[in-house]
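J.: The chain contents come next:
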Amino acid sequence: MQVFFDETIENEFARVYKRFKKFELESDEAYQDDLDYLKRNLVVFEPLPTKCQHENFNVTAIDGSGADSLVMLNDIAIHLLTAGFAADKTCFEDGTTEQLNTRPPICTHPEGLMRLIILREDKSKEVWEEFLSFIKYNYNEELETVVLRVLRDFVYHKYVPKFPNDTFPDIKSSIDLHKAAIKAGFKLHKSDIFDFSEWMVSPRAAAVQGWFEQFREVVEYSLAHSLLNSDTKFKYIFLDGSLNMLLSPGQEQPRLASNYLLRDLCKKSLNKETCIVAVSKTTTFPFVYRIAQDLEKELGGEKKWFVRIPSKQRKEPTLKMLENRPHIPPYYGVTYLYHFSSEVPILRIDLDYEWYMKNIFSENTKIQKAKELELFQEIDWLSRDVRYFGYFFDLAFAHNSTVVSFAERDVVAEQLINYFAEQGENPKMFIHPRRRLGLM
Amino acid sequence: MSLQLSEPIGVLAEGDISFLKIVCSDIRFEIGEILIIKPPTGKKMYMFRIMNYENILRNIQDLSAIAANFLKNREAYIARVESEKLVKVHGLLMGYSELDADSNKWIFKKPRSLPPHFSAVHRGADCPEALELLLEKEIGQDLEIGKLLIGTKTLDLPIKIDIESLPMHVQVAGTTGAGKSFFMLTFITSALKNNIVRFIKQEEMKKRVSVFMIDVHDEYMRGLRHEDKRYGLIDIADATIKAGNEVYDSIFADKFYLTRDLSGVSKEMQKYAQPIRIRREDLSVSDITSVMTVTDQMLGYMSMKAVTNEDWVTAIEKESEAEVTSFVKGTISAVKRRLYPITRSSIFTENKYSDLAEIVYNIERGCFYNFSTALLSSTEQFIVITMLARTLLSIRQSLLSSTKWSQFKDQVYQRLPKTIASELLGDNPSSKFSLKELYTADKDGSDYRMKTIDKLPVIMLTIEEAPSILGSQMSKEGNVFIDISRQGRKFNIGMLLITQNISSMEHIILANTNTELNLMLGNEIEIRQAIINASNNIAGYEHEFKVLSRGEAIFTNSLRNIPLPVKVSNVPLYIENELPFFTNPYQKLNVKKAREKTKAPIL
Ligand SMILES: Nc1ncnc2c1ncn2[C@@H]1O[C@H](COP(=O)(O)OP(=O)(O)OP(=O)(O)O)[C@@H](O)[C@H]1O
Ligand SMILES: [Mg+2]
Numbered sequence: 005m006q007v008f009f010d011e012t013i014e015n016e017f018a019r020v021y022k023r024f025k026k027f028e029l030e031s032d033e034a035y036q037d038d039l040d041y042l043k044r045n046l047v048v049f050e051p052l053p054t055k056c057q058h059e060n061f062n063v064t065a066i067d068g069s070g071a072d073s074l075v076m077l078n079d080i081a082i083h084l085l086t087a088g089f090a091a092d093k094t095c096f097e098d099g100t101t102e103q104l105n106t107r108p109p110i111c112t113h114p115e116g117l118m119r120l121i122i123l124r125e126d127k128s129k130e131v132w133e134e135f136l137s138f139i140k141y142n143y144n145e146e147l148e149t150v151v152l153r154v155l156r157d158f159v160y161h162k163y164v165p166k167f168p169n170d171t172f173p174d175i176k177s178s179i180d181l182h183k184a185a186i187k188a189g190f191k192l193h194k195s196d197i198f199d200f201s202e203w204m205v206s207p208r209a210a211a212v213q214g215w216f217e218q219f220r221e222v223v224e225y226s227l228a229h230s231l232l233n234s235d236t237k238f239k240y241i242f243l244d245g246s247l248n249m250l251l252s253p254g255q256e257q258p259r260l261a262s263n264y265l266l267r268d269l270c271k272k273s274l275n276k277e278t279c280i281v282a283v284s285k286t287t288t289f290p291f292v293y294r295i296a297q298d299l300e301k302e303l304g305g306e307k308k309w310f311v312r313i314p315s316k317q318r319k320e321p322t323l324k325m326l327e328n329r330p331h332i333p334p335y336y337g338v339t340y341l342y343h344f345s346s347e348v349p350i351l352r353i354d355l356d357y358e359w360y361m362k363n364i365f366s367e368n369t370k371i372q373k374a375k376e377l378e379l380f381q382e383i384d385w386l387s388r389d390v391r392y393f394g395y396f397f398d399l400a401f402a403h404n405s406t407v408v409s410f411a412e413r414d415v416v417a418e419q420l421i422n423y424f425a426e427q428g429e430n431p432k433m434f435i436h437p438r439r440r441l442g443l444m
Numbered sequence: 026m027s028l029q030l031s032e033p034i035g036v037l038a039e040g041d042i043s044f045l046k047i048v049c050s051d052i053r054f055e056i057g058e059i060l061i062i063k064p065p066t067g068k069k070m071y072m073f074r075i076m077n078y079e080n081i082l083r084n085i086q087d088l089s090a091i092a093a094n095f096l097k098n099r100e101a102y103i104a105r106v107e108s109e110k111l112v113k114v115h116g117l118l119m120g121y122s123e124l125d126a127d128s129n130k131w132i133f134k135k136p137r138s139l140p141p142h143f144s145a146v147h148r149g150a151d152c153p154e155a156l157e158l159l160l161e162k163e164i165g166q167d168l169e170i171g172k173l174l175i176g177t178k179t180l181d182l183p184i185k186i187d188i189e190s191l192p193m194h195v196q197v198a199g200t201t202g203a204g205k206s207f208f209m210l211t212f213i214t215s216a217l218k219n220n221i222v223r224f225i226k227q228e229e230m231k232k233r234v235s236v237f238m239i240d241v242h243d244e245y246m247r248g249l250r251h252e253d254k255r256y257g258l259i260d261i262a263d264a265t266i267k268a269g270n271e272v273y274d275s276i277f278a279d280k281f282y283l284t285r286d287l288s289g290v291s292k293e294m295q296k297y298a299q300p301i302r303i304r305r306e307d308l309s310v311s312d313i314t315s316v317m318t319v320t321d322q323m324l325g326y327m328s329m330k331a332v333t334n335e336d337w338v339t340a341i342e343k344e345s346e347a348e349v350t351s352f353v354k355g356t357i358s359a360v361k362r363r364l365y366p367i368t369r370s371s372i373f374t375e376n377k378y379s380d381l382a383e384i385v386y387n388i389e390r391g392c393f394y395n396f397s398t399a400l401l402s403s404t405e406q407f408i409v410i411t412m413l414a415r416t417l418l419s420i421r422q423s424l425l426s427s428t429k430w431s432q433f434k435d436q437v438y439q440r441l442p443k444t445i446a447s448e449l450l451g452d453n454p455s456s457k458f459s460l461k462e463l464y465t466a467d468k469d470g471s472d473y474r475m476k477t478i479d480k481l482p483v484i485m486l487t488i489e490e491a492p493s494i495l496g497s498q499m500s501k502e503g504n505v506f507i508d509i510s511r512q513g514r515k516f517n518i519g520m521l522l523i524t525q526n527i528s529s530m531e532h533i534i535l536a537n538t539n540t541e542l543n544l545m546l547g548n549e550i551e552i553r554q555a556i557i558n559a560s561n562n563i564a565g566y567e568h569e570f571k572v573l574s575r576g577e578a579i580f581t582n583s584l585r586n587i588p589l590p591v592k593v594s595n596v597p598l599y600i601e602n603e604l605p606f607f608t609n610p611y612q613k614l615n616v617k618k619a620r621e622k623t624k625a626p627i628l
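Taken in order, these protein sequences are the chains called A and B. FYI, in our numbering the residues of the first sequence are 5 to 444. FYI, in our numbering the residues of the second sequence are 26 to 628.
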């Protein structure tokens with residue numbers, strides 16, 4: 005495209021600006037109400053000093069990456085998936101941390117793992133089968149087992165309050181589960197829950213790109229799972245993303261296989277007294293920039309604060325700006341906004357709902373506030389490495405250890421092609437990524 | 026061939042062609058060190074040359090930004106202060122070696138791929154044997170010039186110049202005291218040793234190097250000094266005499282030490298010395314014009330005289346201005362003035378005697394000459410060298426364009442002045458130096474078939490203080506050295522050019538060298554010029570040039586993949602070490618001495 009900076013483009017600018025202002029004005033009243041709500045509920049806090057007496061703990065973070073279509077062989081694409089982690093022990097007394105020597109068995113190298121997958125667009129059944137075995141291989145459990153366990157848990161939580169005097173039935177099969185679900189009034193999406201392949205596929209998954217994302221989530225959750233099961237006890241596990249789940253309207257059960265892995269992970273973390281902290285930048289959260297601006301005006305830019313987003317499920321008022329975004333907070337999650345300083349964008353922090361209920365929630369608001377404060381002081385401290393000031397350093401480290409640079413991608417592609425050639429294949433049948441980019 | 030690597034010093038975290046990040050315990054590196062990088066899988070062994078390094082924290086791009094951040098954010102700290110240390114080394118990924126299954130040798134290749142993460146990093150200096158195997162094909166085979174330099178250490182890994190590279194010329198540069206003379210004598214010693222080895226093993230002539238050396242300071246006969254030791258060519262010649270006549274004759278001309286006259290030559294050198302005498306007839310007009318600038322008028326006049334007089338120089342010397350009318354007044358006296366260095370020189374004689382044929386003949390049979398020019402005027406010196414170079418080039422050109430002796434003769438007569446031509450062709454009854462025996466292969470009826478040039482020794486002309494002859498000021502008109510620099514490869518004639526000043530060398534000549542040895546250089550301009558001119562890419566070596574000390578150099582050659590740092594041999598010690606070889610070559614090579622040939626060697 006050729007851009008001419010003349011009046012035409014100025015006109016375009018003017019037009020979009022007008023539209024933008026219109027949105028703002030339209031939503032202004034709603035926004036002001038929400039802002040009032042947030043103002044009333046936010047908690048300003050003092051950070052922990054850099055060096056202090058505080059109980060030390062272990063923390064880890066996971067991030068995933070990869071290169072889709074690393075090489076192409078005609079219509080078959082080979083994709084590269086990576087996940088990396090960073091694990092540290094705090095040293096509050098010295099104002100630093102110590103890298104932990106953990107290496108979960110799933111890792112293919114000291115800082116994470118690498119997988120290659122092969123996907124064919126036109127063979128969805130085969131892809132699904134590959135997906136199932138991929139989960140088994142990485143997560144170390146059959147998807148079926150995980151799904152059953154997660155659903156059982158959902159049903160259990162509905163069942164117990166309804167029949168406080170009953171013992172919850174022993175669930176061994178999908179029939180057992182069905183019976184209990186009907187009794188508890190938990191609406192299962194499918195009668196045959198193990199015929200996953202039809203419904204457990206994201207609307208986007210049919211495309212290769214969608215599949216790639218799903219495999220990628222499996223890799224990340226598998227690494228987290230492996231870390232959780234390691235000998236090291238972590239107080240926090242940071243994930244890059246949200247705890248969003250794909251739920252059909254009116255449903256209480258998530259759709260995607262990876263959603264089940266995530267639920268399972270949260271559940272296991274709860275039992276291990278580990279807190280899953282999902283961190284996302286707030287582009288998914290409406291008006292966040294405005295909220296930040298307005299609150300900074302009032303509180304000053306350097307004040308740290310957090311605020312919990314009310315949730316409809318918990319019979320709390322819904323923020324007007326979130327009316328059309330039922331997934332915030334996520335169905336099984338609790339969402340906070342966390343303001344570090346004016347120089348850092350507000351972060352969205354998702355916690356597991358059950359963990360929250362057990363570890364933070366209290367009928368006594370004072371107690372609850374104290375617990376929230378401790379949580380945020382700790383995670384605030386974890387985001388103060390000078391290199392990534394305002395972001396969780398372990399997430400940054402994990403990110404750095406997992407991102408696949410173009411150079412690395414080329415190297416892997418080249419080695420892969422060489423390997424195929426050594427096996428007697430004609431290297432010419434590959435389309436190298438650089439060639440695809442028109443660089444070769 | 027399995028490699029014995031030393032303990033790894035770290036693990037590769039990240040890297041590309043020009044830097045590596047290595048997680049390792051606090052380690053100091055040396056500029057110029059070579060790291061061997063062994064990937065977790067696969068058969069490639071990478072090598073990386075360090076040009077600079079820094080200790081850094083992982084994941085930091087910009088240290089000053091971090092420092093600023095600290096100042097601004099008092100609450101900030103550094104996570105993992107202990108384990109996050111890593112060393113970032115800057116330098117060059119030289120390439121990798123792969124074991125060739127057929128030859129069981131490691132073949133070095135340019136870096137077409139990068140060493141993967143988590144490769145083990147080893148220090149080359151800790152495992153020189155491994156490094157030697159990996160670089161086997163890069164370090165050369167023929168003439169040893171020194172040892173591989175790694176940081177401040179010298180590994181016992183000889184670096185050699187290959188004979189096939191010589192006709193593509195060698196350029197040696199270094200500031201005063203950098204070690205140019207040490208190199209020169211090292212080169213000669215290695216060439217002489219090579220020639221003896223090839224002679225004794227009866228290998229082809231093309232593996233021999235005939236060096237015609239110009240010794241401007243008359244320093245190489247007696248030799249160079251290291252502490253209380255001093256060894257030179259005379260020691261080598263004396264030793265070789267002990268090895269027997271046939272060995273001596275195979276590498277030295279009977280009198281290989283050419284001087285202006287014998288008066289200044291010390292007694293022990295007398296037996297090798299010969300005052301060089303050249304017939305004026307052997308000169309061509311182009312010998313003059315390539316050394317000094319002349320007007321068209323002067324050129325015309327000289328050419329005219331050369332057509333009608335074999336000894337045109339003397340003819341001009343005797344001419345009186347009044348007799349010539351066809352040239353602008355003053356031309357003749359101007360030419361006479363130009364010819365003064367010749368007419369007044371004791372080297373260029375009017376009589377019929379000349380050493381030229383003998384010198385040419387001996388060079389063509391693989392012999393060494395040392396031409397001491399310490400007492401010569403610079404013009405005298407240039408003219409002798411130019412004339413010799415032109416004569417050599419002419420006969421080889423003639424050889425290239427003829428298949429039969431009769432054709433060859435025609436060619437030589439066309440190219441050379443008559444007398445010298447007839448001497449070299451054996452047409453002059455008094456000539457003992459006919460090339461026939463050296464140049465012809467076998468009889469073909471009444472004629473002889475010629476050998477091809479690649480059956481003859483490589484001729485090497487060494488020129489010290491090269492810019493004075495081959496500087497950018499030189500006359501390019503018909504200059505034989507420009508021809509040699511461009512076409513030497515075709516005729517197997519090479520030049521070894523030694524200079525303090527690369528930047529003042531004629532650039533056509535620089536552009537045609539394929540081997541460079543850059544010693545310590547005087548200034549940034551020279552360093553930049555050395556980098557531009559090198560036959561391998563040595564961009565980024567600025568730093569290294571600055572830390573070179575005496576005798577240390579960067580060696581580049583277009584037939585090799587990588588520049589190599591070398592420590593040139595400490596030549597007095599090198600010669601001392603090799604003297605037993607020169608005295609006793611058969612024994613050292615474990616070869617039985619053949620029975621004396623019936624045909625007596627020509628002396
Ligand atoms: N390879 C070497 N090993 C050890 N010492 C050396 C080496 N090369 C040079 N030197 C030292 O440096 C001194 C100068 O060396 P050399 O005479 O070769 O320098 P040069 O470049 O020829 O200098 P000039 O321009 O003055 O002729 C030597 O006397 C010797 O002490
Ligand atoms: Mg010198």
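A few of these clues could be false.
Label-pair distances were calculated between CB atoms; the ranges are [said to hold, decoys possible]:
#1 A:T288 - B:I42: 47 to 57 Å
#2 B:E228 - A:K432: 40 to 50 Å
#3 B:K178 - A:T288: 52 to 62 Å
#4 A:T236 - B:E154: 37 to 47 Å
#5 B:E228 - A:L120: 48 to 58 Å
#6 A:V407 - B:G547: 45 to 55 Å
#7 A:L120 - B:I42: 20 to 30 Å
#8 B:K178 - A:E50: 31 to 41 Å
#9 B:K178 - A:K140: 46 to 56 Å
Hints in this document: simulated from the structure, not taken from any laboratory. Values in this document were obtained by computation on a predicted structure and should not be read as measured data. Glycine included, each C-beta is placed from N, C-alpha and C at the ideal position.
J.: Hint by hint, note whether the structure agrees.
T.: Results of checking the hints against the structure:
The hinted window of 47 to 57 Å between A:T288 and B:I42 is violated, with their beta carbons roughly 39 Å apart. The hinted range of 40 to 50 Å is satisfied by B:E228 and A:K432, whose Cβ atoms lie roughly 44 Å apart. The hint said 52 to 62 Å for the Cβ distance between B:K178 and A:T288, and at roughly 58 Å that hint holds. Checked against the given bound of 37 to 47 Å, the beta carbons of A:T236 and B:E154, roughly 42 Å apart, stay inside it.
Between B:E228 and A:L120 the Cβ separation comes to about 54 Å, which falls inside the hinted range of 48 to 58 Å. Taking 45 to 55 Å as the suggested C-beta distance range, the pair A:V407 and B:G547 conforms, at roughly 46 Å. With their beta carbons about 25 Å apart, A:L120 and B:I42 fall inside the hinted range of 20 to 30 Å. For B:K178 and A:E50, the hinted distance range of 31 to 41 Å is not satisfied, since their beta carbons lie about 57 Å from each other.
The beta-carbon spacing between B:K178 and A:K140, approximately 54 Å, falls within the hinted interval of 46 to 56 Å.
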